[in-house]
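Given these sequences and hints, build the entire structure.
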Amino acid sequence: MHDPRVPETLEGWSVLHQMFRVRWDAWRELAAEARSRIASEAADALQAMDQGETGTTALSTLLGHKGELMLLHFRRSFDALQAAQLQVSGLGLSRYLEATTSYVSVVELGMYEMTAQIHGRLAEKGLAKGSPEFEKAFDAEMEEQRRRVVGRLFQDVPKRRYVCFYPMNKKRKVGENWFLLDFDSRSKLMAEHGRTGMTFGGKVTQLITVGLGFDDWEWGVTLWARNPEFLKDIVYRMRFDEASARYAEFGPFYVSYVVPPAQVLEHCRV
Amino acid sequence: MHDPRVPETLEGWSVLHQMFRVRWDAWRELAAEARSRIASEAADALQAMDQGETGTTALSTLLGHKGELMLLHFRRSFDALQAAQLQVSGLGLSRYLEATTSYVSVVELGMYEMTAQIHGRLAEKGLAKGSPEFEKAFDAEMEEQRRRVVGRLFQDVPKRRYVCFYPMNKKRKVGENWFLLDFDSRSKLMAEHGRTGMTFGGKVTQLITVGLGFDDWEWGVTLWARNPEFLKDIVYRMRFDEASARYAEFGPFYVSYVVPPAQVLEHCRV
Amino acid sequence: MHDPRVPETLEGWSVLHQMFRVRWDAWRELAAEARSRIASEAADALQAMDQGETGTTALSTLLGHKGELMLLHFRRSFDALQAAQLQVSGLGLSRYLEATTSYVSVVELGMYEMTAQIHGRLAEKGLAKGSPEFEKAFDAEMEEQRRRVVGRLFQDVPKRRYVCFYPMNKKRKVGENWFLLDFDSRSKLMAEHGRTGMTFGGKVTQLITVGLGFDDWEWGVTLWARNPEFLKDIVYRMRFDEASARYAEFGPFYVSYVVPPAQVLEHCRV
Amino acid sequence: MHDPRVPETLEGWSVLHQMFRVRWDAWRELAAEARSRIASEAADALQAMDQGETGTTALSTLLGHKGELMLLHFRRSFDALQAAQLQVSGLGLSRYLEATTSYVSVVELGMYEMTAQIHGRLAEKGLAKGSPEFEKAFDAEMEEQRRRVVGRLFQDVPKRRYVCFYPMNKKRKVGENWFLLDFDSRSKLMAEHGRTGMTFGGKVTQLITVGLGFDDWEWGVTLWARNPEFLKDIVYRMRFDEASARYAEFGPFYVSYVVPPAQVLEHCRV
Amino acid sequence: MHDPRVPETLEGWSVLHQMFRVRWDAWRELAAEARSRIASEAADALQAMDQGETGTTALSTLLGHKGELMLLHFRRSFDALQAAQLQVSGLGLSRYLEATTSYVSVVELGMYEMTAQIHGRLAEKGLAKGSPEFEKAFDAEMEEQRRRVVGRLFQDVPKRRYVCFYPMNKKRKVGENWFLLDFDSRSKLMAEHGRTGMTFGGKVTQLITVGLGFDDWEWGVTLWARNPEFLKDIVYRMRFDEASARYAEFGPFYVSYVVPPAQVLEHCRV
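Chains as they are written, first to last, in this note's numbering: chain R, 1145 to 1414; chain B, 1145 to 1414; chain C, 1145 to 1414; chain D, 1145 to 1414; chain E, 1145 to 1414.
Keep in mind the hints are simulated off the structure, nothing from the lab.
Where a beta carbon is used, it is the ideal one built from N, C-alpha and C, also for glycine.
Heads up, some of the hints might be wrong.
As the list claims (entries may be wrong) - Restraint-style ranges between C-beta atoms, simulated for each label pair:
(1) Thr1198/B <-> Lys1269/R: 50 to 60 Å
(2) Ser1275/B <-> Gln1191/C: 47 to 57 Å
(3) Leu1297/R <-> Gly1346/D: 55 to 65 Å
In structure tokens:
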């Protein structure tokens, strides 16, 4: 049951990133009144999606030609995610938006170090790997961990203004293959990578979500910072960690900043 | 006739995966009555495609921007597949759908272990490879196997709710080339991969289909689970098997969940 | 003149593969009468393109989302190919078709073995490579070969029902580079590959066309079989030949089946 | 705080490159009067965006099918960049433009040599790396540097006529990985690359901007020259530097030439 | 000034290749009269672009789905190229054309051998590399060469009927990197490649243009032949030269044939 090659993970929010381009032509065809009414309806609906423990939806405004809006949905299940997706596509505003890309994932706390520690503790207790006692004790330990980190599994959307999102894979090339490394090597690399991340603790909030089995890229990284420079600094610095330099492959990057629904719609002249 | 490099295979259903995006703009133009009529007609037609032994069609609803609907057709022949494809394109609903991608394949049971066993048994009987007696005995063995596994070759669509589909190739890079491995090495890797899959037996149902000669990717993997987390777990865990870590290349991933035709159409507001 | 690195080739038909998607929206707008009239005109025109020695055009119907129709034109020259292309684009039906891809090539008989034999025979006669006598004798030998295989250079479209088309390149990667192999190695690999192909002689008809200098892929492979399973079997089996396993790169695959023009149009509801 | 693997950088302008294609069809539909009015309004607005210290916007006209116009925005912040982006999309002209691509970045002065020198000077003063005194002294040195090069961080758009823009990454392949080189090796390679660039000092002005954390490519290169031949010469010559030959990966290239707003609009018949 | 790693080059025509697809739907909407008038206007305008020494424009008709027309512009400057581009987009016909791709470049005569010879001659005269005397003598030699080959730098469009165009890069892979070879190795490979090209002297005319700094691919190759078979033969044969087999990367191939403007328009039913 507990595959020694695979780190245990704890899952939190089901997450959907959605990128939209505004169909300016159609939008401009509308009378100012209609635009205002549609925008208000959308702002109200998006505002109402912020429901604390059952989930929330954050809106940010993208720079560049990849689109104008990013919606980030945190929900308790995939069904709730799709309900959110359908609610958005049911908005009057959606006639004026084109979905350019998306990312389906769940919040994940990778537990390389913790997995090793639990195995160690259970070994100390004399439990044989794979025995029913071991499995039971393991599950209890995991449940304990889950309780401990539940706040990170179901964190609020950080309040920092600038947001960077990018998906990534671990490399599987001939000669450099993450999935062929042994557990300890991966654990060590992730620990080093984590330490670099922690030096940005006061500046950047990271969220790692996993898309394995759901989307084209294995992981999604969402970063929030008070200042766009911090986004560049953390991405640049972490690129020198071996976990990233040697083993990461990056998808497209999206930079945006968070604003309250009412304001972003005004901002985008939507 | 029996190429010692190639595992024997048994073929079942002819299969077509179709992904569709809803053309929301055109759909919204319709009066509510018209939408309702068109959706009912589609639901009835899709329901009627479930014909047991001659084939069936399953509908699921996709998450993310890649589309809203996935249709999975199981049929007895390629002609019947295309009849299904044409029946779908003839629906009133199809005016409001855009086919974004598809995968043409047949259900395949790879027989690495079985191929080796048959060769062994026939050798024990003293039959010379390639002799008419050998060929005849071989065909008889294969026919016997086919009878034994016919239920898996022509299985029903699993009843589990969440569905993951992705196409894949075996790597043919300089230094890591699946097709240059000898039969025994491939057999061993597939056996290990199979064992990992079996640890998910109670949680995930797998269907392997082969697209070689039909579509851009060599194989298609369709997974059904009661819980999306299981989809992630199996894909993540299997990625550490050498067959996958070293030799697999993955196409796009589609995650969806199955619902009865009537319900999914309602669900998608189609 | 006769570059010892390059196998001599004999060229036959100029060939154009055209893939079309039906514009269902526009087509459905038409009255049934109009559809019927346009389809008949197209069927008649395509039927009339079958002109034996001066060329022919075969129609087949594609599975999956890549399109609905494949046209395969055999002509005596590129000018005649383009005349065919223009004739098709001049059909009333073409308003309802979108050309999604194509492949421009000529039928080629690769002559690895023959090239070596001719060189051998001329050497036996004591002719010095590059001397006028050698060149003259060489040309005479080639002309003789051409006469011998003219039936294969200008073959009819095979009568088998299922058709697979895919373009391919020979690999030029660091460490595995077809074009850096010496003549004898390539000759040996092609001979092995040819033998595998011949084991399917009763089941699959192959046509190799060359697109070097004309199109993005170096070669096109068109396969005809009575049964789609044979298409999978030959592609799968040949993938283990070193010529393919180590040195081939494949483009997209198109699977279709041939029907008489009148029938396919009816079939596709075009 | 000061990661010894990462060169210190100084940041200047926030920069947005925008590429546009003219929608000729829609534009031609307009009466000559309307075209003239819309073009004048755009020319005036673009002219007014040149505001010296708070930023400027340069217009150039592209060759080839990738588009007709490139806008280059220099601003003091990302918010100001987006304000510029929205101001452009609010122009009457924007109805007749399609944004085909863009690049979001900030002006960066890479400080390989400087970083090493500062570390050296602080070591000479006996300050221990990471100590508060070291950090404070380091920050003071950086502030000093910033003051020294502020003119290059916030330079005007060069007056040279021909402009080349391309984004690039540093290679991270197995065996050749920029981010796995040690600091000194990278510093040496960048110094060599810089020297080649300096031989074009009288002919070409370079601007390096960094997109890490903001856009798909890590760096953007914008070159200005009086003569298109110089653009070719510098790109060709620098390609032989090891920093580029071995470690650079290039995105698409855009060639254009700068003209005053009024003129370019006339020029493009916009 | 004279970088010993880089071959000297001589530049001729500024060149723009433009590929167009006909918008058949819109074109067919026109009355026959209108089509005829628009086609005549375009034919006249294109004919008038043939202005000898100041430049010319050649029209050819493409095979396959990539488009119907290729325009090849030779001009004295980039400004003149863009004037040509704008003149074309100003034609009534352009409403019925879609620009699918293009290539911006200049005619280049690579001077590997010549560069070496000049260096040799100046060394014999005892001039020290980099000295003012050396530079002056070098420039004089280059000017002399330019005068000698001016006919090839500003050649007419060859009169041969069939045209093949493709862009290419030199490989920069780990282990095989053109730009890391020393000058003499590159010179030797180019000389061998040149000799193969010369064996087609009577059959194929080659034009090499350089897109470095202007377009995505480093070089463009345009070939003219009386017979499409020659195009295949030269591309196939040259692929075995080490310069190409080991070091070239190829973009898409376009095959077309030249006809006088009036005729091609008729031919395409434009």
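Hints and how they fare:
1. Thr1198/B <-> Lys1269/R: 50 to 60 Å: holds, 58 Å
2. Ser1275/B <-> Gln1191/C: 47 to 57 Å: holds, 49 Å
3. Leu1297/R <-> Gly1346/D: 55 to 65 Å: holds, 60 Å
Of the hints listed earlier, there is not a single one the structure fails to meet.
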